[in-house]
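Below, each chain spelled out in residue letters.
Protein chains: 2
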Amino acid sequence: MTPKLSAFLRDSAPATPCLVLDLDRVEENYRRLKAAMPLARIYYAVKANPAAPVLDRLVGLGSCFDAASFEEVEACLEAGAAPESISYGNTVKKESAIRAAYGRGVRMFAFDSEPELRKLARSAPGSRVYCRILVGNDGAEWPLSRKFGCEVEMARELMVLAGELGLDPFGLSFHVGSQQVNTAAYEAAIAKVAMLFTDLRDAGVKVRMVNLGGGYPVRYRQEVPEIDDIGAAIMGAMAEHFGNALPDILVEPGRFIVGDAGVVSAEVVLVSRKAKDDPVRWVYLDIGRFGGLAETEGEAIKYAFRTPRDGEAEGPVTIAGPTCDSTDTLYEKSNYRMPLSLDAGDRVELLATGAYVTSYASQFFNGFKPLAEHYV
Amino acid sequence: MTPKLSAFLRDSAPATPCLVLDLDRVEENYRRLKAAMPLARIYYAVKANPAAPVLDRLVGLGSCFDAASFEEVEACLEAGAAPESISYGNTVKKESAIRAAYGRGVRMFAFDSEPELRKLARSAPGSRVYCRILVGNDGAEWPLSRKFGCEVEMARELMVLAGELGLDPFGLSFHVGSQQVNTAAYEAAIAKVAMLFTDLRDAGVKVRMVNLGGGYPVRYRQEVPEIDDIGAAIMGAMAEHFGNALPDILVEPGRFIVGDAGVVSAEVVLVSRKAKDDPVRWVYLDIGRFGGLAETEGEAIKYAFRTPRDGEAEGPVTIAGPTCDSTDTLYEKSNYRMPLSLDAGDRVELLATGAYVTSYASQFFNGFKPLAEHYV
Numbered sequence: 205m206t207p208k209l210s211a212f213l214r215d216s217a218p219a220t221p222c223l224v225l226d227l228d229r230v231e232e233n234y235r236r237l238k239a240a241m242p243l244a245r246i247y248y249a250v251k252a253n254p255a256a257p258v259l260d261r262l263v264g265l266g267s268c269f270d271a272a273s274f275e276e277v278e279a280c281l282e283a284g285a286a287p288e289s290i291s292y293g294n295t296v297k298k299e300s301a302i303r304a305a306y307g308r309g310v311r312m313f314a315f316d317s318e319p320e321l322r323k324l325a326r327s328a329p330g331s332r333v334y335c336r337i338l339v340g341n342d343g344a345e346w347p348l349s350r351k352f353g354c355e356v357e358m359a360r361e362l363m364v365l366a367g368e369l370g371l372d373p374f375g376l377s378f379h380v381g382s383q384q385v386n387t388a389a390y391e392a393a394i395a396k397v398a399m400l401f402t403d404l405r406d407a408g409v410k411v412r413m414v415n416l417g418g419g420y421p422v423r424y425r426q427e428v429p430e431i432d433d434i435g436a437a438i439m440g441a442m443a444e445h446f447g448n449a450l451p452d453i454l455v456e457p458g459r460f461i462v463g464d465a466g467v468v469s470a471e472v473v474l475v476s477r478k479a480k481d482d483p484v485r486w487v488y489l490d491i492g493r494f495g496g497l498a499e500t501e502g503e504a505i506k507y508a509f510r511t512p513r514d515g516e517a518e519g520p521v522t523i524a525g526p527t528c529d530s531t532d533t534l535y536e537k538s539n540y541r542m543p544l545s546l547d548a549g550d551r552v553e554l555l556a557t558g559a560y561v562t563s564y565a566s567q568f569f570n571g572f573k574p575l576a577e578h579y580v
Numbered sequence: 205m206t207p208k209l210s211a212f213l214r215d216s217a218p219a220t221p222c223l224v225l226d227l228d229r230v231e232e233n234y235r236r237l238k239a240a241m242p243l244a245r246i247y248y249a250v251k252a253n254p255a256a257p258v259l260d261r262l263v264g265l266g267s268c269f270d271a272a273s274f275e276e277v278e279a280c281l282e283a284g285a286a287p288e289s290i291s292y293g294n295t296v297k298k299e300s301a302i303r304a305a306y307g308r309g310v311r312m313f314a315f316d317s318e319p320e321l322r323k324l325a326r327s328a329p330g331s332r333v334y335c336r337i338l339v340g341n342d343g344a345e346w347p348l349s350r351k352f353g354c355e356v357e358m359a360r361e362l363m364v365l366a367g368e369l370g371l372d373p374f375g376l377s378f379h380v381g382s383q384q385v386n387t388a389a390y391e392a393a394i395a396k397v398a399m400l401f402t403d404l405r406d407a408g409v410k411v412r413m414v415n416l417g418g419g420y421p422v423r424y425r426q427e428v429p430e431i432d433d434i435g436a437a438i439m440g441a442m443a444e445h446f447g448n449a450l451p452d453i454l455v456e457p458g459r460f461i462v463g464d465a466g467v468v469s470a471e472v473v474l475v476s477r478k479a480k481d482d483p484v485r486w487v488y489l490d491i492g493r494f495g496g497l498a499e500t501e502g503e504a505i506k507y508a509f510r511t512p513r514d515g516e517a518e519g520p521v522t523i524a525g526p527t528c529d530s531t532d533t534l535y536e537k538s539n540y541r542m543p544l545s546l547d548a549g550d551r552v553e554l555l556a557t558g559a560y561v562t563s564y565a566s567q568f569f570n571g572f573k574p575l576a577e578h579y580v
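Here the protein sequences come in this chain order: D and P.
The opening position of the first sequence corresponds to residue 205 in my numbering, with each subsequent residue numbered one higher.
The opening position of the second sequence corresponds to residue 205 in my numbering, with each subsequent residue numbered one higher.
Any given hint could be a false lead.
[What the hints assert, rightly or not] Taking lysine-lysine pairs in the DSBU-like style, the calculated list, with each CA pair at most 30 Å apart, reads:
id	chain 1	residue 1	chain 2	residue 2
1	P	Lys506	P	Lys410
2	D	Lys410	D	Lys396
3	P	Lys506	D	Lys537
4	D	Lys410	P	Lys480
5	D	Lys396	D	Lys208
6	P	Lys480	P	Lys208
7	P	Lys537	D	Lys537
8	P	Lys396	D	Lys478
[As the list claims (entries may be wrong)] What the simulated footprint calls covered on chain P by chain D, stretch by stretch (three residues with Cβ under 8 Å from a Cβ of chain D suffice, anywhere in the stretch; the number is not a length):
id	segment
9	386-396
10	465-475
[Stated by the list, open to error] FRET-style restraints, in silico, Cβ to Cβ:
id	chain 1	residue 1	chain 2	residue 2	range
11	D	Lys537	P	Pro207	45 to 51 Å
12	D	Pro257	P	Glu361	48 to 54 Å
13	P	Ala508	D	Ala449	34 to 40 Å
14	P	Arg513	D	Gly307	56 to 62 Å
15	P	Arg303	D	Arg308	46 to 52 Å
Everything labelled a hint here was simulated from the structure, so no lab data went into it.
If you're wondering where the values come from, they're calculated on a predicted model, not measured in any experiment.
Note that the Cβ used here is the ideal one computed from N, Cα and C, for glycine as well.
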């Protein structure tokens, strides 16, 4: 937790549950990533936290933006981003949304299928397009399914078709999975992309860009590799496979930029046991999976907790949210322990919760309002 | 789909995604349940769909209400419900919420632990309280974890304590899991509750109520038992275990009341393949897990689809939502098939989606607004 976050929580004691996010840390993370990969252009994945203060700060730093929807395109423009700094990175778009983004000046779009490419040719003529390919996600704590991307052979044909349809077959993209701690995943993906790059060049398609996606990890309960080491591994792989003819390089960090800049402040609603002699206590918080902590699904992302009783004797706990939904349980199998003296009314902090929290929150499940947001 | 829903969709062609819900069907379901279990008092589980038109209609029918939060208590009161018709059924409540509900006249509360009971004694003195016990969930399509309820031995002690604390130890409750198709689960739970009932009576605690919870199933892709048969099995078990000394009986249906009264109307955004010869198409809709279809997690609830091309040749599909989140995939393993001619722009209907849709929807994940709601 940054000193600014600590000070705000101490001095303001905001109503729980809430997210407090340190914008200076956002800037610091942007600069760290830039330093680790100086040749890469950063497209912030807006979906990680689309709040205006975050976008404002990043616009000021010269960031570009990866938008998942036309609504996110608009949010970037409202924050002062130039249309040419925006990539519409969702491979699944309504044609009306493509048309709207094109109308606002957006000229870069992702795709992974022929029907999508034809929509782009019709409604965003002449735009730069990049094809997402399927790659391995080994090592990611939040691995992606096959939902996005296509096989390499199809990507090759589609990139040729893109040119024939009057689009600019600008580049290729992939995603190694979120919270990826294994640099080998990037290396394997880069090797795959480089082969396709060469194939396409041979076929006369002047592909010029590689979009490395996101997935750069944030420290939760476990240490993760340093971004400098990840950057070095990635740039090493790029140099190995592309030599001196490096293409434009894009990265789409979301979690890395905002994750450890935020903290969720919550209140303990109840600490109880299911039977008198049960060693495991249930700790119920006033935020849960439907209040913003969606990434605890399957106990995938394991947030670290701070309590006012830290340092006292601890025991095992199951941690759950406040709703009447029994799937609203955060951690039952991940060996969490909390102080035995923890009690209802105690405030707890969930560290590094700046990413994928506010936007996931349900609008009013069980009548609970979404968590409040404070940007400091 | 009811004729009223069909007519509304045909005549109004509302923007997608949206929920359209037939209030007459809500009434019909209420009456069907009432007829199947005439001795039970119905407490509608507000969380299933808290919209004012639904609550209004149920108030008019004389329904009682099961609220999960103070906000839901308020919604019931605003719809004209009497405070004494409201049960605050969440076993996990902030003491401030208990106080607020008590202040508005609510006098019935659930609990499953000593700390919660002590909160109630302090902030809702003299109220009727009921203890939730843990029971088996075999046969439920949306089984509950051990999050709510306590072991019988603890329940016994807590009910004695309730009286000592000046509360009215009114009853016992359980929940056999949602979308429960196995009446044996109710029978086993009733047997368990009846034994505790006798124990408590012997201990001088005048427990007078059994809350059977919810879980009454709705037809999705599969046939489910008729509510009359479920009601008969439940009342048979009650008679077997309680004889002529039947306690007050409460039921808390949510899904059963609103589930098949609603339909989600969505649009196909893209139909694509991952490789040219891949037999499985991906069908992307403009609504997904984070837009309201949260119950498709783990492919638990399997909605039935209607498309404008039904009857034409079909093939296997994976069905996914519109967001850049790869977990936003609805069905990959449940052998869904859709017409081969299905295309972007087609409208599809998801049947029996009146429950647990609007309230689960994320406030703006990926920039997408929550689905619109129409009550007809």
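task: Could you see if the CB distance from Ala508 (chain P) to Ala449 (chain D) stays within 34 to 40 Å?
output: violated, 53 Å
- prompt: Are Lys410 (chain D) and Lys480 (chain P) close enough, with their CA atoms no more than 30 Å apart?
  reply: With Cα atoms ~23 Å apart, Lys410 (chain D) and Lys480 (chain P) stay inside 30 Å; holds.
- prompt: Is it true that the C-beta distance of Arg513 (chain P) to Gly307 (chain D) lies inside 56 to 62 Å, as the hint says?
  reply: The hint (56 to 62 Å, Cβ to Cβ) is violated, given that Arg513 (chain P) and Gly307 (chain D) are roughly 31 Å apart.
- request: Just tell me: holds or violated, for the beta carbon distance of Pro257 (chain D) and Glu361 (chain P) against 48 to 54 Å?
  value: At roughly 51 Å between Cβ atoms, Glu361 (chain P) and Pro257 (chain D) fall inside 48 to 54 Å, so the hint holds.
query: Is Lys396 (chain P) within 30 Å of Lys478 (chain D), Cα to Cα?
result: holds, 16 Å
- prompt: Within the segment 386-396 of chain P, is the number of residues with a Cβ closer than 8 Å to a Cβ of chain D three or more?
  reply: violated (count 0)
- prompt: CA of Lys396 (chain D) to CA of Lys208 (chain D), is that 30 Å or under?
  reply: Distance ~43 Å between Lys396 (chain D) and Lys208 (chain D) Cα, so the pair is violated.
Distance restraint between Lys410 (chain D) and Lys396 (chain D), which requires alpha-carbon spacing of 30 Å or less: Holds, at roughly 17 Å.
field: CB-CB spacing for Arg308 (chain D) and Arg303 (chain P) relative to the 46 to 52 Å hint
entry: Given about 50 Å between the Cβ atoms, the range holds.
query: Regarding the pair Lys506 (chain P) and Lys537 (chain D), is the alpha-carbon distance no greater than 30 Å?
result: Given pair Lys506 (chain P), Lys537 (chain D) holds - Cα atoms ~27 Å apart, limit 30 Å.
field: Claimed coverage, the segment 465-475 of chain P by chain D - three or more beta carbons nearer than 8 Å
entry: holds (count 4)
- prompt: Is the hinted pair Lys537 (chain P) and Lys537 (chain D) satisfied, with a Cα-Cα distance of at most 30 Å?
  reply: Holds: Lys537 (chain P) and Lys537 (chain D) sit about 25 Å apart, inside 30 Å.
Hint compliance for this structure: hints 1, 5, 6, 9, 13 and 14 are not met, and every other hint is.
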